[in-house]
Amino acid sequence: MTVSNILRGPETANGSNDPKTKRYHAVLLAAAYILFVACVIVSIAASQFAASSERARTHAEFQQQARGIQNLIQERLQAHVNALLGAQGLFAAGTRIDRPSWSSFVRGLTAHGRYPALTSMAYLENITASQRPLFEQIVRADTSLNPGGYPQFAVRPEGARDRSVVITYLEPEAGREDLLGFDLAYSHLALLDDVRDKGELASLGRLAVSRIGREYLLVLPLYRSGAPQDTVPERRSAFIGYAAETLSPAQLFQDRTNLPLAEMQDVFLELKDVQGEVIFQESDLMGIGVDVNDSNRFTEDFPLHAGGLSWVLTVSVPDTFGLTPALQKEPLLVLLGGLAFSLLIFALLYEAANARHRAMILAGKMTGELGKFQLAVKYASNHIIITDPDGKILYTNPSTERITGYTRTEIIGQTARIWGGRMPPEYYRRLWQIIKKERKPFDGELTNRRKDGTEYEAVVHISPILDRSGQLYGFVGIEEDITQQKVLERARSEFVSLASHQLRTPLTAIRLTLETLRSGVVGSLAEAQQEMISRAAEYAVRMADTIHTMLTVSRVETGTLSIVRDSVSLASMFEDLRREQEPVFSRKHQQVTLNCPSDLSIRTDAKVLWEILSNLVSNAIAYTPDGGLITMRAAAEGNRVCIEVADTGYGIPSGEQERIFQKFFRATNAMQKKTSGTGLGLYLVRSLTTLLGGEIAFTSVEHQGTTFTIHLSLNPPFHEQEHSDR
Amino acid sequence: MNKNILIAEDEEFIANLYKLNLERHGVDVDIVADGAAAIEAVDVRQPDVLLLDLLMPNKDGYQVLEHIRQKGYTFPVIILTNLSQDIDRRKCEDLGVKGYLVKSDLTVEELWTKLSVLL
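Listed in order, the protein sequences are those of chains A and B. Letter 181 of the first sequence, counting from 1, is numbered 181 in this note's numbering, and no numbers are missing. Letter 88 of the second sequence, counting from 1, is numbered 814 in this note's numbering, and no numbers are missing.
There may be inaccurate statements among the hints.
Said to hold, decoys possible - Using C-beta positions, here's what the derived DEER-type ranges look like: (1) Q772(B) to A509(A): 26 to 34 Å; (2) E445(A) to E819(B): 20 to 28 Å; (3) R490(A) to P783(B): 17 to 25 Å; (4) P783(B) to P597(A): 48 to 56 Å; (5) K840(B) to P597(A): 25 to 33 Å.
As the list claims (entries may be wrong) - Reference listing, derived: stretches of chain B covered by chain A, where coverage requires no fewer than 3 residues with Cβ under 8 Å from a Cβ of chain A: (6) 736–743; (7) 784–796; (8) 809–816; (9) 825–836.
It is worth saying that the hints were derived from the structure and are not from the lab. From the three backbone atoms N, C-alpha and C, an ideal C-beta is built for every residue, glycine too.
Could you build the full structure based on these sequences and the hints that come with them?
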């Protein structure tokens with residue numbers, strides 16, 4: 001299994017790009033949408049159904065009630081027709097009906113109240129022009145009902161006519177006397193003849209007489225009793241006149257309390273004859289017209305037949321008929337309720353689908369990330385453990401088993417003491433102080449023991465694990481087995497040590513020989529010989545210096561240079577430096593200035609600081625022309641000390657300033673002035689300054705001079721990690 | 727009576743050069759060529775100063791120092807060696823030496839400066 005497979009593994013299994021997860025999410029969302037649409041459709045359908053079923057119910061109710069009206073009106077109309085038929089019967093029974101008989105007949109009808117719309121009934125006598133004068137005389141003299149007779153009676157309008165149909169008896173007479181004598185043949189002759197010939201009841205329409213202009217006149221022909229009436233000529237021959245009845249249409253609809261529509265709102269009633277002429281119209285809508293074709297109304301037409309009459313009754317009400325306000329709103333409520341329910345269902349499903357999807361993605365991501373971390377920890381070559389705040393081991397990776405030799409089951413629940421405890425108690429005390437009390441990471445090196453008893457050396461990093469509230473959850477400890485590294489380091493260190501020893505022994509012999517020769521102990525030398533011996537001694541010193549520098553570099557790089565801090569007086573160190581270099585200063589006529597408070601001292605490693613400063617001073621001497629000025633300054637700056645070594649020398653070319661701390665680097669102008677440098681001096685100076693916890697900087701102008709500035713802490717903390725030899 | 731200085735140094739030529747130069751300052755110098763001989767010599771007669779090399783055949787300088795500590799001798803010891811590791815320096819300081827000098831970096835005159843203060 002490759003690393004990429006390992007890292008990809010968990011993600012493809014659980015990651016957010018899993019097509020299954022996506023498909024599932026899409027299906028859930030689609031289901032939510034479909035369900036929503038279905039719910040909306042069902043809501044609308046339910047609303048429609050509620051509306052239509054309600055409408056069907058109320059419409060049926062309306063029809064029933066309207067039919068009730070029809071029946072009642074039909075009944076009332078029929079009653080009027082019956083009254084006329086009764087009159088026809090009256091005339092058929094006797095040869096001659098006189099005025100009192102007519103009056104009592106009509107009063108008999110009205111007395112029962114069965115004909116509420118019946119306003120009056122008349123007998124119309126058919127007379128020829130020749131009969132007219134006699135007829136007028138007889139009527140004027142008729143005192144059978146009215147003691148005074150009818151002296152004013154005359155057939156009207158005046159003028160000669162072949163035939164007249166004259167209102168002869170009228171009941172009631174009161175208030176209608178002026179109708180007596182009116183000749184209907186004057187205006188309706190053709191219609192009257194038609195009625196006579198057919199033998200059927202007919203309406204003459206509105207009476208042209210002003211006072212009762214709103215009344216209808218129904219007429220029925222009367223024939224002589226006993227005469228045959230089967231054919232038109234027979235009927236003409238038997239014809240004697242008409243029974244007439246004035247009918248007020250409004251009276252047909254009177255007495256509303258008896259009508260089934262009494263409680264209807266906005267009811268519209270209309271009566272038309274076959275020609276479409278409106279006979280009667282009644283509306284609650286105070287003169288506002290009603291469109292009976294309006295789809296928001298229930299409208300029903302009923303034919304009315306009575307005798308020869310054929311009328312049409314129209315009943316119309318708003319379609320809210322029979323609905324209470326609550327019932328009217330029912331379909332809307334059903335729709336709104338359904339929509340609300342649909343939305344709720346959709347929102348729930350949508351949220352559920354999304355929440356599930358988000359959870360799946362998150363879970364996938366987390367599992368993926370966790371998987372990566374687990375794998376990283378599992379395959380790490382370092383020994384990694386996680387402990388609780390008391391150091392009890394909760395987790396361990398395979399490298400821990402490999403390094404310590406203990407198995408997982410032996411490790412879990414134990415503390416690191418099973419392989420540790422090889423260091424002085426002080427070491428562990430400090431470790432716990434840092435990680436538990438100060439809650440800071442601890443770095444260190446220690447020796448542990450494997451299960452088989454062999455020891456190993458390790459670099460250890462322990463970090464406290466804090467939860468979000470800052471509570472200590474436990475620790476993560478990472479150890480690297482550096483036993484092999486240490487063995488190599490020691491071998492290298494020993495090699496350098498031995499090599500330098502082997503170089504130094506002959507050098508010692510050479511230097512001692514030259515010194516002995518110069519001292520004259522073994523005989524005096526000629527001046528030329530003395531000179532040569534001196535030069536040889538200088539080379540020997542330079543070689544010793546080079547060996548020393550190289551060895552120091554090696555020790556810094558292998559970490560075998562130990563720092564031993566002590567109180568160091570800078571003023572006296574400056575003095576020592578000047579004293580050591582005094583012969584060179586004199587030879588080059590260089591002026592040395594020391595500027596340091598006599599009481600300024602710092603806690604540092606005197607040997608290392610000496611190494612740093614003597615290198616800087618040697619450089620200043622070497623790269624400053626004869627007669628130049630060299631200044632050493634030191635001053636406290638807060639909790640640090642600033643040490644400067646300045647010269648008035650050749651300076652460092654600006655293009656090379658970045659490289660001067662590099663190992664083996666030498667400035668071009670420096671190589672021209674002094675060929676013997678190793679290029680290790682400033683590299684060593686910076687390495688040693690860093691080792692002391694300090695910083696080094698410089699400013700330099702070519703042909704004017706260079707100033708090196710070192711900042712060191714006055715009192716470095718005691719527990720600062722320091723390199724140590726083993 | 728002249729002060730007595732014992733040099734324990736396996737390089738005979740070097741030992742003799744030290745002896746030659748130091749005796750000019752009016753001290754007596756004896757030489758032993760290995761650690762065992764040095765132990766024998768100090769047991770016979772304790773020197774005023776012991777100049778002790780570290781790398782020597784037949785017991786090294788550390789063994790000599792250990793012997794001196796065990797015997798409770800109080801004469802000052804100056805390590806004169808070409809080993810310059812901090813670990814060697816520290817070990818010797820722990821064993822109570824009065825000086826630790828690197829031979830190749832040192833002139834006889836410088837040695838005498840350090841030595842004379844102990845006499």
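To see whether the hints hold, each was checked on the structure:
| no. | hint | result |
| --- | --- | --- |
| 1 | Q772(B) to A509(A): 26 to 34 Å | holds, 29 Å |
| 2 | E445(A) to E819(B): 20 to 28 Å | holds, 23 Å |
| 3 | R490(A) to P783(B): 17 to 25 Å | holds, 23 Å |
| 4 | P783(B) to P597(A): 48 to 56 Å | holds, 52 Å |
| 5 | K840(B) to P597(A): 25 to 33 Å | holds, 30 Å |
| 6 | 736–743 | holds (count 4) |
| 7 | 784–796 | violated (count 0) |
| 8 | 809–816 | holds (count 6) |
| 9 | 825–836 | holds (count 7) |
Of the hints listed earlier, the one the structure fails to meet is number 7.
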